[in-house]
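S.K.: Each chain is listed here by its residues.
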Amino acid sequence: MSRQAGRAQRVVEALAASGHYLWRGWGSLASLCLFLAAWEETAQAFGPLILPTPMAAFATLGGLLDDGGAWPEIAVTARRALAGFALSLGVGSLLGLAAGVSMTASMMARPIITVLAGMPPIAWLILALLWFGAGDGTPVFTVFIACFPIVFVGAMQGTRTLDGQLREVAQMFGLSPWLKLTDVYLPHVVSYLFPAWIAALGMSWKIVVMAELLSTEDGIGAALAVSRSHLDTAASMAWIVALVGTLLAIEYLLLEPLKRRVESWREFASSSN
Amino acid sequence: MSRQAGRAQRVVEALAASGHYLWRGWGSLASLCLFLAAWEETAQAFGPLILPTPMAAFATLGGLLDDGGAWPEIAVTARRALAGFALSLGVGSLLGLAAGVSMTASMMARPIITVLAGMPPIAWLILALLWFGAGDGTPVFTVFIACFPIVFVGAMQGTRTLDGQLREVAQMFGLSPWLKLTDVYLPHVVSYLFPAWIAALGMSWKIVVMAELLSTEDGIGAALAVSRSHLDTAASMAWIVALVGTLLAIEYLLLEPLKRRVESWREFASSSN
Amino acid sequence: AGKLPLLVLSGPPASVSTPLIHMVETGALQAVADKVEFRPWKDPDQLRLMALGKQADFVAMPTNVAANLHNRGVPLRLINVSTWGVLWMVSRDAGAKTLADFRGKEIAMPFRADMPDIVFELLARRQGLDAKKDFKLRYVASPLDAMQLLVTRRVDHALLAEPAVSMALRKTQSFPLSLIAPDLHRSVDLQQEWGRLFKRETRIPQAGIVALGAAAADPALQAAVLAAYARSLAWCQQNPLQCGAMVAKRIDLLSPEAVADSLAVSQMRSLPTAEARAELEFFLGQLHAANPALIGGKLPGPAFYAR
Amino acid sequence: MHHRFGYQRVLEDIDLCVQAGQAVALVGPSGCGKSTLLNLAAGLLSPWEGRIDSSFGQAAMMFQQPRLLPWKRTLDNIALGLKARRTPIAERQTRARQLAHRMGLDDDALDKFPAALSGGMQSRAALARAFAVSPDLLLLDEAFAALDIGLKSELYGLLARERAAAGSAVLMITHDLMEALRLADRILVMSGSPGRIVAQHRVATPVGERDDAWVFARTAEFIRWPDIRAAFALPPLAAT
Amino acid sequence: MHHRFGYQRVLEDIDLCVQAGQAVALVGPSGCGKSTLLNLAAGLLSPWEGRIDSSFGQAAMMFQQPRLLPWKRTLDNIALGLKARRTPIAERQTRARQLAHRMGLDDDALDKFPAALSGGMQSRAALARAFAVSPDLLLLDEAFAALDIGLKSELYGLLARERAAAGSAVLMITHDLMEALRLADRILVMSGSPGRIVAQHRVATPVGERDDAWVFARTAEFIRWPDIRAAFALPPLAAT
Ligand SMILES: Nc1ncnc2c1ncn2[C@@H]1O[C@H](COP(=O)(O)OP(=O)(O)OP(=O)(O)O)[C@@H](O)[C@H]1O
Ligand SMILES: Nc1ncnc2c1ncn2[C@@H]1O[C@H](COP(=O)(O)OP(=O)(O)OP(=O)(O)O)[C@@H](O)[C@H]1O
Ligand SMILES: [Mg+2]
Ligand SMILES: [Mg+2]
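Protein chains in written order, with the numbering used here: chain A, 70 to 342; chain B, 70 to 342; chain C, 122 to 428; chain D, 60 to 299; chain E, 60 to 299.
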C-alpha cells in the first residue's frame with residue numbers, strides 16, 4: 070500500500086477514535102446529570118438551609134458571574150491550583166523517575182514520601198506562611214506538598230515496572246540517557262503517571278480551597294469562607310460549583326486529550342494479532 | 070534438578086530478597102534522620118514558638134504516652150483512618166476494575182470521579198454530619214470520599230492496560246470471571262493499585278485529622294486543635310509525630326511486605342532471558 | 122519619638138477589632154504614623170506569626186491568648202481591656218434564664234478547651250453542675266459550625282460570642298424584632314452569670330489590645346493608640362450602622378447589620394490595663410486553676426501589664 | 060468467510076473445514092493471514108463477513124508468541140487450563156508436571172517464572188499448556204519453530220500419541236514444509252494480500268509410515284510445484 | 060568463561076573468539092545457554108567468571124523475541140538505532156524504509172504499531188532494526204525461525220550482501236542446521252546443563268558456492284555425526 074494510503078489510514082483511525090470519544094461524551098454527560106439529580110433529591114429532602122438545589126446554586130453562580138465579581142476569584146484560584154499542580158507534576162515525575170531507576174534512591178525516598186503524604190497541611194501552614202507570606206506562595210506550596218507524593222509514587226512505580234527486555238534493547242542500541250527517557254521510559258511510565266496526575270489534579274483543586282480558606286483574602290476559598298460565615302448556602306454551593314466546573318474544564322480540555330494522544334498506541338494495539 | 074533443590078532455590082531467593090530488604094532498610098532510616106536534621110535546623114532558625122525542635126516534640130510525646138492520655142486518641146484516629154482507607158480501597162478497587170473492563174462504564178464514571186476528587190471536604194462536612202452524626206461516621210466518610218477517587222482511577226487504569234494477548238489467553242482457556250480476576254487481572258492491576266494505595270493511605274491519615282479537627286471531640290485531630298488553640302507548639306508537633314509515626318508503622322508493617330510479596334515475580338523476572 | 126513610617130494594627134474578625142478598623146478608616150493615628158494599616162488574623166497560626174515576625178505593632182486578642190504568648194517569651198504588653206461581655210447562650214427556648222436551665226440539653230460549643238468552654242465550665246461548677254455530665258456538649262471547630270448547626274436545627278442551643286450571635290439571629294430573622302415569631306433567642310448572658318455567681322461585677326475581661334515589638338517599649342505610642350481606640354469605640358457605639366458598614370468593608374466575614382447589633386448589646390469599654398488589672402488577674406487566675414495550658418502554664422508577671 | 064482489520068482486507072473467500080481427528084496444516088508466506096484465521100477459528104475474533112460453525116467441545120490454542128502469564132511459575136502456567144476446569148490442585152500439578160517432563164522441562168524450570176526460561180522452554184511450556192486440557196481441537200501457531208531438531212522429533216512423536224489417545228483434531232500453522240508433510244493429513248497453502256487458500260494437498264500415507272527419507276523426498280517434490288513456488292514468491296525453476 | 064543465574068550453572072568453560080568479518084553459527088539444544096552466551100557477548104550480562112574482550116565498534120543484536128517498542132510505529136522502531144546515533148530524521152526514515160522494503164515490509168506495515176503486525180513481520184522488523192545500524196558485530200538469535208521458506212532464502216541473500224558490504228562479523232544462533240551450513244564460516248555445537256561447546260566445524264566452501272544440493276548433502280552428513288546426535292539427544296544410528 071502506498072504512503073498516501075498509510076496516511077489516509079491514520080486519518081481514518083483518528084476520526085474513528087474521535088467519533089468514539091464524542092459518542093462516549095454523552096455517557097459522561099448522562100452521568101453528570103445523574104449526579105445533579107441526586108443532588109436535587111438530597112436538597113429537596115433537607116431544605117435550602119442545609120443544601121440548596123442545583124438550580125439555586127447555578128442561578129447564584131450566574132449572578133456572580135454576570136456582575137463580574139466571580140471571574141477574578143476563579144482565575145486566582147485556578148492560577149494557584151495549576152501552579153501547584155504543575156510544580157508537583159514536574160518535580161514529582163522527575164524525582165519519581167529517578168527514584169524508580171535506582172533501588173537505593175527509592176528506598177531512601179519512600180519514608181520521606183510517606184511523611185509528606187501523611188502530614189496534615191495544617192502542620193505546614195505556619196511554615197508556608199512564614200516562607201511565602203500571604204500571597205500566592207502559601208496555597209501553591211500547600212498544593213505542591215499535597216500532590217507531590219501522589220505523582221512521585223506513580224512515577225516511581227511506573228519506572229520500576231518497565232519491562233527489562235525493553236531496557237536491554239535501549240542499552241543494546243546505545244540510546245543516550247535522554248532518548249532512553251523520552252523513547253523508552255516515558256511512554257511506559259505515562260500510563261502510571263496519568264492516574265496519578267488525575268488524582269493530583271483533583272487534589273490540587275480541593276487543597277487550594279482549604280489553603281485559601283485559612284490563609285488568603287482572595288480566591289474561591291476566601292469567597293467560600295465569606296459565604297459560609299453569612300450562612301449563605303446558595304452562594305457557598307455556587308462557589309463550589311464554580312470550583313468543580315473549572316476542574317472539569319481543565320481535565321477534559323487539557324488532561325484527557327493529552328492522555329488520549331499519548332496512549333493512542335494502546336487503542337490500535339488492543340485487537341488480537 | 071530435583072523438587073527439593075527447587076524448594077531450596079526458592080528459600081535462597083527469599084532469603085536473598087529479605088537480606089536486601091533489611092540492608093536497604095538502613096537507607097530508609099538514614100533518610101528519616103536527614104529529615105529530622107532538616108527539621109532541627111528549621112526549628113533552630115525560627116524558635117520554638119513557630120517550630121519546636123524534634124527533641125522537644127519527642128519529649129512531649131513521650132510524656133503524653135507515659136501518662137497514658139495519648140494511646141486512646143491515637144487508637145481512635147488510627148481506627149477511623151484505617152476504616153476509611155479500607156472502605157475506599159475495597160470499593161475503589163472493585164468499581165475501578167469494573168470500570169476498566171467496560172469502556173462505557175469508565176466514561177460514565179470519569180466525571181463523577183473528577184467531581185468527587187475535586188470537591189473540598191468542607192462541602193461534604195455538613196452532609197456527613199447530618200448523615201453520620203458526631204461519631205466515627207463523619208471522619209470515616211470524609212476519608213472514604215477523599216481516597217476513593219485515587220484508588221478508583223488507579224484500578225481503572227490498571228485494568229485498561231492489561232495486555233490484550235493475556236486477555237485472549239484467559240478467554241481461550243475458558244477462565245471463569247472469578248479466575249480471570251484473581252489470576253489475570255489482579256496480578257497486573259496491583260502494580261497500578263500499589264501507588265494508589267500508598268497515596269490513599271497517606272491521604273487517609275491526613276484527612277482524618279482534618280475531619281477530626283472540624284467535627285469531633287476525640288482523636289489526634291481534636292487534640293491537635295486544642296494544642297493549637299493553646300499555642301502549645303511542642304504538643305502540636307508531638308501529636309503530628311504520633312500521627313506520622315503510626316502511618317509509617319502501618320505502611321512498613323502492612324503495605325510494604327504485602328507489596329513485596331505480591332510483586333515478587335518482578336524481582337526474579339528482571340534479568341535478561 | 123519621631124513619626125513612624127508604618128503602623129500596623131491587627132485583630133480577629135470580632136467585636137474587639139471594630140474600633141481598630143474605625144481608627145484606620147478615619148486616620149485617627151495620623152499624628153503618630155504616616156501610614157496605618159489593618160490586617161486581620163483568622164487563626165492561631167497567623168497570630169503566632171505576627172507575634173514573632175513583628176508584622177504588627179498592635180494586635181487585638183483575647184486576654185488569655187495574650188497571657189499565653191507572654192508566657193512563651195514573646196515581648197508584649199497588654200495596654201487595655203476593651204471587651205467585657207460578648208458571650209451568650211443562643212437558644213431556641215425563650216424561657217431559659219440561667220445555665221441550670223440547660224441541664225441535660227445538647228449545647229453546641231465552639232473551640233474545645235478554649236476560653237468560652239472554660240468559662241462555661243467555671244460557671245457551671247459554681248452552681249453545682251458538672252459541665253461534662255450535666256450537659257451534652259457538642260464541640261465544633263468554629264462559631265460558624267455552631268451557627269450552622271443552630272440554623273439548620275441540628276442543635277437547639279449554642280454558646281456563642283458576638284458578633285456570631287448577631288449573625289445567627291439576623292440570618293434567621295430573629296432579631297431585632299421580626300414580624301414572625303422569632304426562631305432563636307439571645308438567651309443567658311454569661312457575663313451576668315459571672316457577676317451573680319462570683320459576686321463580682323457583671324463583666325469578664327475577655328479581650329484587649331497588645332503592643333508588640335518596638336511598640337511594647339514605647340509608652341507614648343501606646344497612649345496615643347489607647348486614646349484613639351477609646352474615641353473610636355465611643356463613635357462606633359453612637360453610630361453603629363456606619364461603623365458596621367466600615368467593618369464589613371474590611372472584613373467580608375461580617376455583615377454591617379450584625380456588627381451594629383453586636384455593638385448595641387456587647388459590653389465594650391476601653392479600660393487601661395492598670396484599671397482592669399485586678400479583675401483581669403482574678404479572671405486569669407480562674408482560668409489557670411481550670412486549665413493552666415490556656416494561659417501558657419502560669420500567671421503572667423508584672424511585665425505583662427502596661428503601666 | 061472474509062475478515063478485515065480497519066479497512067485492510069486480510070482474508071477473503073476462506074472456506075475451510077476441519078473434521079474431528081483430522082490434522083490440517085496451514086502453510087503460507089509471512090503476513091498472509093494464517094494467525095488471523097486461527098484466531099477466527101478459536102473464536103477470539105469474529106469474522107467481518109461469513110460465519111464459523113464449530114461442533115468441537117474444548118479447543119486449545121498455542122499462540123505464536125508464548126504468552127505465558129509472567130506472574131505465575133511455569134508449572135502453574137501449564138496447569139492454567141486445568142485450573143479453569145476446576146481440576147483439584149494436586150491432580151492438576153501432577154498432570155502438568157508429567158506433561159512438562161515429557162517435553163523436556165525439568166522441575167527446576169517448572170519452578171521458574173517464565174521470564175527466566177529460554178525461548179524454547181517458553182514455547183514448550185505454552186505447548187504443554189495447550190496439551191494439558193486434552194482438547195478436541197488443537198490450534199498450533201508455529202509450535203515447533205523455536206525448538207532444536209532433537210526436541211522437534213520427540214515432540215512430533217508426543218503430538219502423534221496425544222492425537223491418537225484423545226482423537227483431537229489439529230489445525231496447525233507452520234513454515235516448515237517437512238513438518239507439515241510429516242504431521243498433517245491435509246495441507247492448505249495460503250497466499251497473501253488478501254489471504255486466500257490457493258492449493259490443497261492430501262497426504263494419504265499414514266503418519267506412522269512417514270520416515271525421514273519419505274519426508275525428504277516429498278518435500279523436495281512439493282517445493283517444485285509452481286503454485287507453491289508462486290505462493291512463497293520463490294523464483295520459478297528453470298524449465299527442465 | 061563461566062556464568063550462572065542464582066546458583067544454577069548455565070555456562071561452563073566457554074572459550075569463543077569471533078574474528079572480524081567471520082560468521083559463526085551456534086547450534087545446540089533448547090535451554091543450553093545459547094541466548095545467555097549471546098547476551099554476554101553483547102555486554103548485557105557480565106560473566107560470573109572470566110572475561111569478554113571486544114574490539115568491535117558497534118554491535119547490534121536481534122533478540123529471540125522481537126522486542127519492538129510497542130508505542131512506536133514499525134518504521135520508528137526500525138530507525139531506533141539510527142536515532143540513537145543522531146541520524147537526521149529524514150535520512151533515518153528513508154534508510155529504515157528502504158531496508159524494510161527489501162525485507163518485504165510494505166508502507167502499510169511500517170505505519171502500524173508492532174502489536175498489529177504478524178509474527179513474521181515483527182521478527183523482520185527486529186532484524187531490520189539490527190541491520191539498520193550497519194554493525195561491526197551482528198548478533199542474531201534465531202532470526203529466521205518465524206519466516207517462510209521464500210522469505211528465508213531472500214533474507215539469506217540480504218544478509219550475505221550486507222556482510223560483504225559492511226564486513227560485519229556475525230554470531231548467530233539457529234536450530235536449523237541447513238541454515239547454519241548455508242551461512243556460517245564456523246559452526247559451534249553446544250550441549251546443555253551446564254552449557255559448553257562440544258564440537259566445532261569449519262565450513263571451507265565460500266558462501267556463494269553453497270547451493271541447495273550442497274546444503275542438503277552436507278546436512279544429511281552432519282546430522283549423522285555421533286557428537287551432534289549426542290548433543291541433540293537424537294537416538295544413535297543403527298550401525299551400518
Ligand atoms: N490487530 C491487527 N490490527 C491490524 N492489522 C492486523 C492485526 N493483526 C494482524 N494484522 C494484519 O493482518 C495481516 C495478517 O496477519 P497474520 O498475523 O494473520 O499473519 P500470519 O499469516 O500469521 O503471518 P506470520 O507467518 O508472519 O505470523 C498482516 O498484514 C497484519 O499486519
Ligand atoms: N534470567 C534468568 N534467570 C534465571 N535463569 C535463566 C535466566 N535466563 C535464562 N536462564 C536459564 O539459563 C538456561 C539457558 O537459557 P538460554 O536462554 O541461554 O537458553 P537457549 O540456549 O537460548 O535456549 P533456546 O534455544 O530455547 O532459546 C536455561 O536453563 C534458563 O532457564
Ligand atoms: Mg502468525
Ligand atoms: Mg534462546
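No lab work stands behind these hints, which were simulated from the structure alone. Wrong hints could be hidden among the right ones.
Here are the simulated BS3-like pairs of lysine-lysine, each with C-alpha atoms no more than 25 Å apart in a straight line [said to hold, decoys possible]:
1. A:LYS328 to A:LYS249
2. B:LYS249 to D:LYS131
3. A:LYS249 to E:LYS131
4. C:LYS257 to C:LYS226
5. C:LYS175 to C:LYS218
6. B:LYS249 to B:LYS328
7. C:LYS257 to C:LYS218
8. C:LYS163 to C:LYS124
9. E:LYS131 to A:LYS328
10. C:LYS370 to C:LYS419
11. C:LYS226 to C:LYS254
12. B:LYS328 to D:LYS131
S.K.: Now, for every hint given, state plainly whether the structure supports it.
M.R.: Hint check results:
1. A:LYS328 to A:LYS249: OK: LYS328 of chain A and LYS249 of chain A at ~21 Å, within 25 Å.
2. B:LYS249 to D:LYS131: 13 Å, holds
3. A:LYS249 to E:LYS131: 13 Å, holds
4. C:LYS257 to C:LYS226: 6 Å, holds
5. C:LYS175 to C:LYS218: Status violated; Cα separation ~45 Å.
6. B:LYS249 to B:LYS328: OK: LYS249 of chain B and LYS328 of chain B at ~21 Å, within 25 Å.
7. C:LYS257 to C:LYS218: Distance of about 18 Å is within 25 Å: holds.
8. C:LYS163 to C:LYS124: Violated, because 29 Å separates the two Cα atoms, which is more than 25 Å.
9. E:LYS131 to A:LYS328: 16 Å, holds
10. C:LYS370 to C:LYS419: 39 Å, violated
11. C:LYS226 to C:LYS254: With a Cα-Cα distance of about 11 Å, the restraint between LYS226 of chain C and LYS254 of chain C holds, given a limit of 25 Å.
12. B:LYS328 to D:LYS131: 16 Å, holds
Checked against the numbered hints above, the structure breaks hints 5, 8, 10 and satisfies the rest.
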